[in-house]
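Asks: Here our numbering is used: the first residue of the sequence shown is 1, the next is one more, and so on.
Just to be clear, a hint being listed does not mean it is correct.
[To be verified] Distance condition first, Cα-Cα at most 30 Å in a straight line; then the derived DSSO-like pairs of lysine-lysine: (1) LYS74 <-> LYS29; (2) LYS251 <-> LYS350; (3) LYS64 <-> LYS132; (4) LYS350 <-> LYS340; (5) LYS350 <-> LYS155; (6) LYS340 <-> LYS173; (7) LYS251 <-> LYS225; (8) LYS73 <-> LYS225; (9) LYS250 <-> LYS340; (10) LYS306 <-> LYS250; (11) LYS64 <-> LYS234; (12) LYS29 <-> LYS64; (13) LYS251 <-> LYS173; (14) LYS74 <-> LYS225; (15) LYS29 <-> LYS73; (16) LYS29 <-> LYS155; (17) LYS173 <-> LYS350; (18) LYS173 <-> LYS74; (19) LYS73 <-> LYS132; (20) LYS155 <-> LYS251; (21) LYS74 <-> LYS132; (22) LYS155 <-> LYS31; (23) LYS132 <-> LYS31; (24) LYS350 <-> LYS250; (25) LYS251 <-> LYS132; (26) LYS234 <-> LYS250; (27) LYS132 <-> LYS225; (28) LYS306 <-> LYS350.
[Stated by the list, open to error] DEER-style ranges, computed between Cβ atoms: (29) ALA80 <-> VAL255: 16 to 22 Å; (30) GLY82 <-> ASN157: 25 to 31 Å; (31) VAL27 <-> LEU412: 46 to 52 Å; (32) ARG371 <-> ASP134: 22 to 28 Å; (33) ARG201 <-> LYS73: 40 to 46 Å; (34) GLY133 <-> LYS251: 32 to 38 Å; (35) THR227 <-> ARG201: 29 to 35 Å; (36) ILE337 <-> ALA135: 56 to 62 Å; (37) LYS73 <-> GLY386: 22 to 28 Å.
Treat the hints as calculated values from the structure; they're not laboratory data. From the three backbone atoms N, C-alpha and C, an ideal C-beta is built for every residue, glycine too.
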Amino acid sequence: MRGESENTMGLIHKQLADGVRFHYLAVDKFKTGFLSVNFIAPLERETAAKNALIPAILMRGSEKYPNMAELNKKLDYLYASGLSARNTKRGEMQIFGICAGMIDSAYTIGGEDLVSEVTEVLEDVLLHPVTKGDAFDGAYTESEKQNLIDAIRAKVNNKAVWARTRCIEEMCKNERFGLSETGTAEEVAACTPESVYAQYRYALENYPVEIFFVGQCDADALAEKFTAMFAGIKRNPMPIPETEIIREAKKVRTVTEDMPVNQGKLTIGFRTGVTLSEPVYPAMMMFNEIFGGGVTSKLFMNVREKMSLCYYCSSSPDANKGLMIVSSGIEVDNREIAEKAIFDQLDAVKRGDFTEEEQNSALLSLVNGYRELSDSARGLETWYLGRLLHGMNSDPDDVVESLQAVTREEILAAANRVTTDTIYFLNGTLKGEEDADDE
1 MRGESENTMG LIHKQLADGV RFHYLAVDKF KTGFLSVNFI APLERETAAK
51 NALIPAILMR GSEKYPNMAE LNKKLDYLYA SGLSARNTKR GEMQIFGICA
101 GMIDSAYTIG GEDLVSEVTE VLEDVLLHPV TKGDAFDGAY TESEKQNLID
151 AIRAKVNNKA VWARTRCIEE MCKNERFGLS ETGTAEEVAA CTPESVYAQY
201 RYALENYPVE IFFVGQCDAD ALAEKFTAMF AGIKRNPMPI PETEIIREAK
251 KVRTVTEDMP VNQGKLTIGF RTGVTLSEPV YPAMMMFNEI FGGGVTSKLF
301 MNVREKMSLC YYCSSSPDAN KGLMIVSSGI EVDNREIAEK AIFDQLDAVK
351 RGDFTEEEQN SALLSLVNGY RELSDSARGL ETWYLGRLLH GMNSDPDDVV
401 ESLQAVTREE ILAAANRVTT DTIYFLNGTL KGEEDADDE
(Lines of atoms letter the chains of each structure in order from A and count residues from 1; the text may use other names and numbers.)
(Lines give C-alpha, C1' and ligand atoms only; values in the text may rest on other atoms or scores of the structure.)
Protein backbone atom coordinates (compact mmCIF):
# COMPACT_ATOMS: atom_id res chain seq x y z
CA MET A 1 0.00 0.00 0.00
CA ARG A 2 1.12 3.52 -0.69
CA GLY A 3 1.42 6.35 1.83
CA GLU A 4 1.82 6.05 5.58
CA SER A 5 1.55 2.32 5.91
CA GLU A 6 3.27 -0.52 7.65
CA ASN A 7 3.07 -4.28 7.44
CA THR A 8 3.27 -6.22 10.71
CA MET A 9 2.59 -9.92 11.19
CA GLY A 10 0.82 -10.17 7.78
CA LEU A 11 -1.50 -7.31 8.69
CA ILE A 12 -1.22 -4.07 6.71
CA HIS A 13 -1.93 -0.80 8.53
CA LYS A 14 -2.41 2.66 7.07
CA GLN A 15 -3.19 6.03 8.65
CA LEU A 16 -5.94 7.61 6.54
CA ALA A 17 -6.76 10.74 8.52
CA ASP A 18 -6.46 12.15 12.02
CA GLY A 19 -7.43 9.24 14.27
CA VAL A 20 -8.61 7.09 11.34
CA ARG A 21 -6.69 3.86 10.70
CA PHE A 22 -7.18 1.22 8.03
CA HIS A 23 -6.17 -2.42 8.55
CA TYR A 24 -6.08 -5.10 5.88
CA LEU A 25 -5.61 -8.82 6.48
CA ALA A 26 -5.17 -10.63 3.17
CA VAL A 27 -6.78 -14.08 3.44
CA ASP A 28 -7.60 -16.18 0.38
CA LYS A 29 -9.30 -19.16 2.06
CA PHE A 30 -12.76 -17.56 2.34
CA LYS A 31 -15.39 -17.07 -0.33
CA THR A 32 -16.44 -13.89 1.46
CA GLY A 33 -14.85 -10.71 2.73
CA PHE A 34 -15.62 -8.87 5.95
CA LEU A 35 -15.41 -5.09 6.39
CA SER A 36 -16.00 -3.04 9.53
CA VAL A 37 -15.96 0.64 10.44
CA ASN A 38 -15.59 0.99 14.20
CA PHE A 39 -15.90 4.08 16.40
CA ILE A 40 -13.95 3.69 19.64
CA ALA A 41 -15.60 5.63 22.46
CA PRO A 42 -15.09 5.77 26.20
CA LEU A 43 -17.85 3.78 27.90
CA GLU A 44 -19.78 6.49 29.74
CA ARG A 45 -23.25 6.72 31.24
CA GLU A 46 -24.00 9.98 29.41
CA THR A 47 -23.32 8.60 25.92
CA ALA A 48 -23.71 4.79 25.98
CA ALA A 49 -27.39 4.73 24.98
CA LYS A 50 -26.96 7.33 22.24
CA ASN A 51 -23.92 5.53 20.83
CA ALA A 52 -25.85 2.25 20.85
CA LEU A 53 -28.69 3.83 18.88
CA ILE A 54 -26.50 5.44 16.21
CA PRO A 55 -25.68 2.35 14.08
CA ALA A 56 -29.22 1.00 14.43
CA ILE A 57 -30.72 4.27 13.16
CA LEU A 58 -28.14 4.53 10.37
CA MET A 59 -29.20 1.08 9.18
CA ARG A 60 -32.80 2.26 8.71
CA GLY A 61 -32.01 4.23 5.57
CA SER A 62 -29.86 6.79 3.78
CA GLU A 63 -30.16 9.46 1.09
CA LYS A 64 -29.87 6.94 -1.77
CA TYR A 65 -31.72 4.16 0.06
CA PRO A 66 -34.23 5.99 2.28
CA ASN A 67 -35.77 2.91 3.88
CA MET A 68 -34.84 -0.65 4.75
CA ALA A 69 -36.69 -2.05 1.73
CA GLU A 70 -34.60 0.03 -0.67
CA LEU A 71 -31.39 -0.71 1.20
CA ASN A 72 -32.04 -4.45 1.26
CA LYS A 73 -32.99 -4.39 -2.43
CA LYS A 74 -29.61 -2.86 -3.27
CA LEU A 75 -27.74 -5.34 -1.07
CA ASP A 76 -29.63 -8.27 -2.60
CA TYR A 77 -28.59 -7.03 -6.03
CA LEU A 78 -24.98 -7.11 -4.83
CA TYR A 79 -25.11 -10.91 -4.51
CA ALA A 80 -26.96 -10.83 -1.18
CA SER A 81 -24.31 -8.75 0.54
CA GLY A 82 -25.12 -7.67 4.07
CA LEU A 83 -24.75 -4.72 6.41
CA SER A 84 -25.11 -5.01 10.18
CA ALA A 85 -24.91 -2.71 13.18
CA ARG A 86 -22.24 -3.28 15.81
CA ASN A 87 -22.28 -2.19 19.45
CA THR A 88 -20.12 -3.88 22.07
CA LYS A 89 -17.71 -3.11 24.87
CA ARG A 90 -14.06 -4.02 25.28
CA GLY A 91 -12.83 -3.15 28.72
CA GLU A 92 -14.05 0.40 29.29
CA MET A 93 -14.32 1.14 25.58
CA GLN A 94 -17.60 1.17 23.68
CA ILE A 95 -17.15 0.02 20.09
CA PHE A 96 -19.95 0.78 17.67
CA GLY A 97 -20.27 1.06 13.91
CA ILE A 98 -21.26 -0.75 10.73
CA CYS A 99 -20.05 -4.11 9.41
CA ALA A 100 -20.39 -5.48 5.88
CA GLY A 101 -20.04 -8.90 4.33
CA MET A 102 -19.79 -9.71 0.64
CA ILE A 103 -18.74 -12.63 -1.55
CA ASP A 104 -15.29 -12.56 -3.13
CA SER A 105 -15.25 -11.12 -6.65
CA ALA A 106 -13.83 -14.41 -7.92
CA TYR A 107 -17.25 -15.97 -7.33
CA THR A 108 -19.34 -13.35 -9.14
CA ILE A 109 -20.65 -13.91 -12.66
CA GLY A 110 -18.91 -10.93 -14.20
CA GLY A 111 -16.06 -10.44 -11.76
CA GLU A 112 -17.74 -7.41 -10.19
CA ASP A 113 -15.75 -5.57 -7.52
CA LEU A 114 -18.22 -6.15 -4.71
CA VAL A 115 -15.89 -4.74 -2.06
CA SER A 116 -15.94 -1.39 -3.84
CA GLU A 117 -19.69 -1.45 -4.50
CA VAL A 118 -20.63 -2.49 -0.96
CA THR A 119 -18.27 0.15 0.44
CA GLU A 120 -20.17 2.78 -1.56
CA VAL A 121 -23.42 1.61 0.02
CA LEU A 122 -21.77 1.63 3.45
CA GLU A 123 -20.56 5.19 2.82
CA ASP A 124 -24.08 6.37 2.06
CA VAL A 125 -25.44 4.67 5.17
CA LEU A 126 -22.64 5.98 7.38
CA LEU A 127 -22.33 9.56 6.15
CA HIS A 128 -25.67 10.39 4.54
CA PRO A 129 -28.43 9.25 6.92
CA VAL A 130 -32.07 10.21 6.67
CA THR A 131 -32.37 13.44 8.65
CA LYS A 132 -34.78 16.28 9.29
CA GLY A 133 -32.72 19.37 9.97
CA ASP A 134 -30.22 18.70 12.74
CA ALA A 135 -31.96 15.51 13.80
CA PHE A 136 -32.40 11.91 12.76
CA ASP A 137 -35.74 10.87 11.34
CA GLY A 138 -38.19 10.84 14.25
CA ALA A 139 -40.00 7.63 13.31
CA TYR A 140 -36.75 5.73 12.79
CA THR A 141 -35.39 6.99 16.09
CA GLU A 142 -38.48 6.04 18.08
CA SER A 143 -38.61 2.61 16.45
CA GLU A 144 -34.97 1.85 17.26
CA LYS A 145 -35.38 3.19 20.78
CA GLN A 146 -38.19 0.71 21.35
CA ASN A 147 -36.15 -2.13 19.84
CA LEU A 148 -33.25 -1.35 22.16
CA ILE A 149 -35.50 -0.99 25.21
CA ASP A 150 -37.09 -4.36 24.41
CA ALA A 151 -33.63 -5.95 24.09
CA ILE A 152 -32.51 -4.46 27.41
CA ARG A 153 -35.63 -5.72 29.20
CA ALA A 154 -35.24 -9.17 27.62
CA LYS A 155 -31.76 -9.65 29.12
CA VAL A 156 -33.29 -11.02 32.31
CA ASN A 157 -34.78 -13.95 30.37
CA ASN A 158 -31.40 -15.68 30.17
CA LYS A 159 -30.72 -16.17 33.86
CA ALA A 160 -27.09 -17.30 33.45
CA VAL A 161 -26.19 -14.19 31.46
CA TRP A 162 -28.24 -12.03 33.81
CA ALA A 163 -26.41 -13.35 36.86
CA ARG A 164 -23.04 -12.71 35.21
CA THR A 165 -24.13 -9.19 34.27
CA ARG A 166 -25.35 -8.45 37.78
CA CYS A 167 -22.14 -9.80 39.30
CA ILE A 168 -20.07 -7.48 37.11
CA GLU A 169 -22.36 -4.54 37.85
CA GLU A 170 -21.90 -5.07 41.58
CA MET A 171 -18.20 -5.82 41.27
CA CYS A 172 -17.50 -2.74 39.14
CA LYS A 173 -20.20 -0.38 40.41
CA ASN A 174 -17.66 2.42 40.83
CA GLU A 175 -15.90 1.68 37.53
CA ARG A 176 -16.99 2.40 33.97
CA PHE A 177 -16.81 -1.34 33.24
CA GLY A 178 -19.93 -1.75 35.35
CA LEU A 179 -21.94 0.17 32.74
CA SER A 180 -23.77 -1.52 29.89
CA GLU A 181 -22.91 -0.70 26.29
CA THR A 182 -26.65 -0.32 25.64
CA GLY A 183 -27.33 2.09 28.47
CA THR A 184 -30.41 1.49 30.61
CA ALA A 185 -33.99 1.44 29.37
CA GLU A 186 -34.53 4.81 31.05
CA GLU A 187 -31.46 6.31 29.38
CA VAL A 188 -32.60 5.04 25.98
CA ALA A 189 -36.10 6.43 26.53
CA ALA A 190 -34.62 9.87 27.25
CA CYS A 191 -32.85 10.00 23.87
CA THR A 192 -34.29 12.26 21.17
CA PRO A 193 -33.70 12.47 17.41
CA GLU A 194 -31.79 15.69 18.10
CA SER A 195 -29.60 14.33 20.90
CA VAL A 196 -28.67 11.14 19.05
CA TYR A 197 -27.86 13.08 15.88
CA ALA A 198 -25.68 15.50 17.85
CA GLN A 199 -23.84 12.52 19.33
CA TYR A 200 -23.44 11.04 15.83
CA ARG A 201 -21.81 14.26 14.61
CA TYR A 202 -19.59 14.28 17.70
CA ALA A 203 -18.54 10.68 17.01
CA LEU A 204 -17.60 11.46 13.40
CA GLU A 205 -15.37 14.30 14.52
CA ASN A 206 -13.92 13.07 17.80
CA TYR A 207 -13.82 9.30 18.26
CA PRO A 208 -10.92 7.20 16.96
CA VAL A 209 -12.00 5.14 13.94
CA GLU A 210 -10.64 1.68 13.14
CA ILE A 211 -11.49 0.32 9.67
CA PHE A 212 -10.82 -3.36 9.08
CA PHE A 213 -11.02 -5.63 6.05
CA VAL A 214 -10.41 -9.39 6.00
CA GLY A 215 -10.36 -11.19 2.67
CA GLN A 216 -9.14 -10.34 -0.83
CA CYS A 217 -9.35 -6.85 -2.31
CA ASP A 218 -7.40 -3.98 -3.83
CA ALA A 219 -6.25 -2.62 -0.49
CA ASP A 220 -4.90 0.64 -1.93
CA ALA A 221 -8.18 1.38 -3.69
CA LEU A 222 -10.22 0.58 -0.59
CA ALA A 223 -7.99 2.76 1.60
CA GLU A 224 -8.37 5.62 -0.88
CA LYS A 225 -12.16 5.29 -0.74
CA PHE A 226 -12.12 5.67 3.02
CA THR A 227 -9.60 8.51 2.85
CA ALA A 228 -12.01 10.38 0.58
CA MET A 229 -14.91 9.57 2.93
CA PHE A 230 -13.28 11.21 5.91
CA ALA A 231 -11.62 14.05 3.98
CA GLY A 232 -14.62 16.31 4.44
CA ILE A 233 -14.89 15.75 8.19
CA LYS A 234 -13.04 18.10 10.51
CA ARG A 235 -11.38 15.64 12.85
CA ASN A 236 -10.23 16.37 16.40
CA PRO A 237 -9.79 12.82 17.69
CA MET A 238 -9.38 11.85 21.29
CA PRO A 239 -6.88 9.07 22.15
CA ILE A 240 -7.97 5.44 22.42
CA PRO A 241 -9.76 5.26 25.80
CA GLU A 242 -7.89 3.54 28.61
CA THR A 243 -9.36 0.94 30.97
CA GLU A 244 -8.83 1.15 34.72
CA ILE A 245 -7.19 -2.06 35.95
CA ILE A 246 -7.55 -3.01 39.61
CA ARG A 247 -4.75 -5.44 40.39
CA GLU A 248 -6.14 -6.91 43.60
CA ALA A 249 -9.53 -7.09 45.32
CA LYS A 250 -9.67 -5.21 48.61
CA LYS A 251 -12.42 -7.21 50.29
CA VAL A 252 -14.98 -9.84 49.37
CA ARG A 253 -18.54 -8.63 48.79
CA THR A 254 -21.53 -10.97 48.84
CA VAL A 255 -24.75 -10.06 47.05
CA THR A 256 -27.91 -12.21 47.03
CA GLU A 257 -31.01 -11.43 44.97
CA ASP A 258 -34.25 -13.41 44.77
CA MET A 259 -36.00 -14.36 41.55
CA PRO A 260 -38.93 -16.74 40.90
CA VAL A 261 -36.91 -19.47 39.16
CA ASN A 262 -35.96 -23.03 40.08
CA GLN A 263 -32.18 -22.97 39.75
CA GLY A 264 -29.82 -20.81 41.70
CA LYS A 265 -27.09 -19.00 39.78
CA LEU A 266 -23.83 -18.73 41.69
CA THR A 267 -21.47 -16.28 40.00
CA ILE A 268 -18.12 -15.30 41.47
CA GLY A 269 -16.04 -12.37 40.27
CA PHE A 270 -12.26 -12.42 40.71
CA ARG A 271 -9.57 -9.83 40.03
CA THR A 272 -6.64 -11.21 38.07
CA GLY A 273 -5.08 -7.81 37.41
CA VAL A 274 -3.71 -9.23 34.15
CA THR A 275 -4.66 -7.91 30.73
CA LEU A 276 -4.12 -8.98 27.16
CA SER A 277 -0.90 -7.12 26.46
CA GLU A 278 0.99 -8.22 29.58
CA PRO A 279 3.73 -10.90 29.35
CA VAL A 280 2.07 -12.95 32.10
CA TYR A 281 -1.23 -13.24 30.19
CA PRO A 282 -0.43 -16.59 28.47
CA ALA A 283 0.20 -18.11 31.91
CA MET A 284 -3.10 -16.66 33.15
CA MET A 285 -4.86 -18.28 30.19
CA MET A 286 -3.30 -21.62 31.06
CA PHE A 287 -4.34 -21.23 34.69
CA ASN A 288 -7.93 -20.44 33.72
CA GLU A 289 -8.12 -23.40 31.35
CA ILE A 290 -6.89 -25.78 34.06
CA PHE A 291 -9.21 -24.27 36.66
CA GLY A 292 -12.47 -23.91 34.77
CA GLY A 293 -12.02 -23.11 31.10
CA GLY A 294 -12.89 -26.40 29.43
CA VAL A 295 -14.19 -29.94 29.70
CA THR A 296 -10.95 -31.21 31.26
CA SER A 297 -10.85 -28.44 33.88
CA LYS A 298 -11.16 -28.95 37.62
CA LEU A 299 -14.52 -27.18 37.83
CA PHE A 300 -16.01 -29.36 35.10
CA MET A 301 -14.44 -32.67 36.09
CA ASN A 302 -14.82 -32.34 39.85
CA VAL A 303 -17.57 -29.88 40.80
CA ARG A 304 -19.89 -30.74 37.92
CA GLU A 305 -19.11 -34.36 37.07
CA LYS A 306 -17.74 -36.09 40.19
CA MET A 307 -19.62 -34.10 42.84
CA SER A 308 -22.71 -33.40 40.69
CA LEU A 309 -23.14 -30.01 42.36
CA CYS A 310 -23.75 -27.91 39.26
CA TYR A 311 -25.76 -28.11 36.07
CA TYR A 312 -22.89 -26.13 34.56
CA CYS A 313 -19.75 -24.63 36.06
CA SER A 314 -16.97 -22.81 34.23
CA SER A 315 -14.61 -19.86 34.45
CA SER A 316 -13.75 -17.25 31.84
CA PRO A 317 -11.23 -14.42 31.95
CA ASP A 318 -11.84 -10.89 30.70
CA ALA A 319 -8.56 -9.94 29.07
CA ASN A 320 -9.53 -6.30 28.68
CA LYS A 321 -10.36 -5.60 32.32
CA GLY A 322 -8.26 -8.11 34.27
CA LEU A 323 -11.16 -10.15 35.65
CA MET A 324 -12.19 -13.79 35.83
CA ILE A 325 -15.80 -14.84 36.28
CA VAL A 326 -16.98 -18.25 37.49
CA SER A 327 -20.55 -19.04 36.41
CA SER A 328 -22.58 -21.95 37.72
CA GLY A 329 -26.15 -23.17 37.86
CA ILE A 330 -27.03 -25.07 41.03
CA GLU A 331 -29.82 -26.33 43.21
CA VAL A 332 -30.54 -23.58 45.74
CA ASP A 333 -29.98 -25.93 48.67
CA ASN A 334 -26.46 -26.68 47.38
CA ARG A 335 -25.26 -23.11 47.51
CA GLU A 336 -22.82 -23.39 50.42
CA ILE A 337 -21.32 -26.72 49.41
CA ALA A 338 -21.01 -25.65 45.75
CA GLU A 339 -19.31 -22.40 46.73
CA LYS A 340 -16.86 -24.28 48.94
CA ALA A 341 -16.16 -26.79 46.17
CA ILE A 342 -15.38 -24.01 43.67
CA PHE A 343 -12.94 -22.35 46.06
CA ASP A 344 -11.40 -25.74 46.89
CA GLN A 345 -10.57 -26.22 43.20
CA LEU A 346 -9.07 -22.74 43.02
CA ASP A 347 -6.94 -23.44 46.07
CA ALA A 348 -5.81 -26.72 44.54
CA VAL A 349 -4.45 -24.98 41.45
CA LYS A 350 -2.80 -22.31 43.61
CA ARG A 351 -1.03 -25.10 45.54
CA GLY A 352 0.13 -26.70 42.32
CA ASP A 353 -2.23 -29.65 42.67
CA PHE A 354 -2.56 -30.33 38.96
CA THR A 355 -0.88 -32.95 36.80
CA GLU A 356 1.21 -32.69 33.68
CA GLU A 357 -1.69 -34.34 31.87
CA GLU A 358 -4.06 -31.57 33.01
CA GLN A 359 -1.56 -28.96 31.86
CA ASN A 360 -1.17 -30.62 28.47
CA SER A 361 -4.95 -30.94 28.06
CA ALA A 362 -5.35 -27.25 28.84
CA LEU A 363 -2.69 -26.35 26.28
CA LEU A 364 -4.29 -28.54 23.61
CA SER A 365 -7.70 -26.97 24.23
CA LEU A 366 -6.34 -23.42 23.94
CA VAL A 367 -4.25 -24.20 20.85
CA ASN A 368 -7.25 -25.76 19.10
CA GLY A 369 -9.28 -22.67 19.93
CA TYR A 370 -6.73 -20.40 18.30
CA ARG A 371 -6.54 -22.59 15.23
CA GLU A 372 -10.31 -22.35 14.86
CA LEU A 373 -10.02 -18.55 14.66
CA SER A 374 -9.11 -18.87 11.00
CA ASP A 375 -12.46 -20.53 10.24
CA SER A 376 -14.23 -17.20 9.63
CA ALA A 377 -13.33 -13.74 8.38
CA ARG A 378 -15.44 -12.13 11.08
CA GLY A 379 -13.72 -14.15 13.79
CA LEU A 380 -10.32 -13.02 12.58
CA GLU A 381 -11.46 -9.39 12.41
CA THR A 382 -12.78 -9.49 15.96
CA TRP A 383 -9.59 -11.09 17.27
CA TYR A 384 -7.16 -8.74 15.53
CA LEU A 385 -9.21 -5.64 16.35
CA GLY A 386 -9.11 -6.50 20.04
CA ARG A 387 -5.34 -6.71 19.97
CA LEU A 388 -4.88 -3.56 17.92
CA LEU A 389 -6.77 -1.64 20.58
CA HIS A 390 -4.15 -2.85 23.07
CA GLY A 391 -1.34 -1.74 20.77
CA MET A 392 -0.48 -5.34 19.88
CA ASN A 393 0.52 -6.76 16.50
CA SER A 394 0.68 -10.45 17.36
CA ASP A 395 -1.06 -13.11 15.30
CA PRO A 396 -2.62 -16.40 16.49
CA ASP A 397 0.58 -18.35 15.79
CA ASP A 398 2.50 -16.01 18.10
CA VAL A 399 -0.03 -16.65 20.87
CA VAL A 400 0.22 -20.41 20.37
CA GLU A 401 4.02 -20.19 20.72
CA SER A 402 3.69 -18.15 23.91
CA LEU A 403 1.25 -20.69 25.37
CA GLN A 404 3.56 -23.57 24.52
CA ALA A 405 6.38 -21.79 26.36
CA VAL A 406 4.43 -21.38 29.63
CA THR A 407 5.96 -23.31 32.55
CA ARG A 408 4.32 -24.91 35.57
CA GLU A 409 5.91 -22.26 37.79
CA GLU A 410 4.42 -19.47 35.68
CA ILE A 411 0.96 -21.04 35.96
CA LEU A 412 1.33 -21.17 39.75
CA ALA A 413 2.43 -17.54 39.84
CA ALA A 414 -0.56 -16.51 37.72
CA ALA A 415 -2.97 -18.51 39.88
CA ASN A 416 -1.74 -16.82 43.01
CA ARG A 417 -2.44 -13.38 41.56
CA VAL A 418 -6.18 -14.17 41.57
CA THR A 419 -8.19 -12.54 44.38
CA THR A 420 -11.88 -12.89 45.17
CA ASP A 421 -13.93 -9.72 44.75
CA THR A 422 -17.67 -10.44 44.58
CA ILE A 423 -19.85 -13.48 45.23
CA TYR A 424 -23.23 -13.03 43.57
CA PHE A 425 -26.09 -15.47 44.10
CA LEU A 426 -29.34 -15.38 42.17
CA ASN A 427 -31.59 -17.21 44.60
CA GLY A 428 -34.33 -19.22 42.91
CA THR A 429 -37.49 -19.01 45.00
CA LEU A 430 -39.61 -21.56 43.10
CA LYS A 431 -39.86 -25.01 44.64
CA GLY A 432 -40.92 -27.75 42.26
CA GLU A 433 -42.77 -25.38 39.92
CA GLU A 434 -42.33 -24.99 36.18
CA ASP A 435 -40.15 -22.15 34.98
CA ALA A 436 -39.67 -21.97 31.24
CA ASP A 437 -37.08 -19.20 31.49
CA ASP A 438 -34.79 -20.95 33.97
CA GLU A 439 -31.74 -21.32 31.74
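Asks: Could you run down the list of hints and mark each one as holding or not?
Replies: Verification of the hints:
| no. | hint | verdict |
| --- | --- | --- |
| 1 | LYS74 <-> LYS29 | holds, 27 Å |
| 2 | LYS251 <-> LYS350 | holds, 19 Å |
| 3 | LYS64 <-> LYS132 | holds, 15 Å |
| 4 | LYS350 <-> LYS340 | holds, 15 Å |
| 5 | LYS350 <-> LYS155 | violated, 35 Å |
| 6 | LYS340 <-> LYS173 | holds, 26 Å |
| 7 | LYS251 <-> LYS225 | violated, 53 Å |
| 8 | LYS73 <-> LYS225 | holds, 23 Å |
| 9 | LYS250 <-> LYS340 | holds, 20 Å |
| 10 | LYS306 <-> LYS250 | violated, 33 Å |
| 11 | LYS64 <-> LYS234 | holds, 24 Å |
| 12 | LYS29 <-> LYS64 | violated, 33 Å |
| 13 | LYS251 <-> LYS173 | holds, 14 Å |
| 14 | LYS74 <-> LYS225 | holds, 19 Å |
| 15 | LYS29 <-> LYS73 | holds, 28 Å |
| 16 | LYS29 <-> LYS155 | violated, 36 Å |
| 17 | LYS173 <-> LYS350 | holds, 28 Å |
| 18 | LYS173 <-> LYS74 | violated, 45 Å |
| 19 | LYS73 <-> LYS132 | holds, 24 Å |
| 20 | LYS155 <-> LYS251 | holds, 29 Å |
| 21 | LYS74 <-> LYS132 | holds, 23 Å |
| 22 | LYS155 <-> LYS31 | violated, 35 Å |
| 23 | LYS132 <-> LYS31 | violated, 40 Å |
| 24 | LYS350 <-> LYS250 | holds, 19 Å |
| 25 | LYS251 <-> LYS132 | violated, 52 Å |
| 26 | LYS234 <-> LYS250 | violated, 45 Å |
| 27 | LYS132 <-> LYS225 | holds, 27 Å |
| 28 | LYS306 <-> LYS350 | holds, 21 Å |
| 29 | ALA80 <-> VAL255: 16 to 22 Å | violated, 47 Å |
| 30 | GLY82 <-> ASN157: 25 to 31 Å | holds, 27 Å |
| 31 | VAL27 <-> LEU412: 46 to 52 Å | violated, 38 Å |
| 32 | ARG371 <-> ASP134: 22 to 28 Å | violated, 50 Å |
| 33 | ARG201 <-> LYS73: 40 to 46 Å | violated, 28 Å |
| 34 | GLY133 <-> LYS251: 32 to 38 Å | violated, 53 Å |
| 35 | THR227 <-> ARG201: 29 to 35 Å | violated, 20 Å |
| 36 | ILE337 <-> ALA135: 56 to 62 Å | holds, 57 Å |
| 37 | LYS73 <-> GLY386: 22 to 28 Å | violated, 34 Å |
Checked against the numbered hints listed earlier, the structure breaks hints 5, 7, 10, 12, 16, 18, 22, 23, 25, 26, 29, 31, 32, 33, 34, 35 and 37; every other hint is satisfied.
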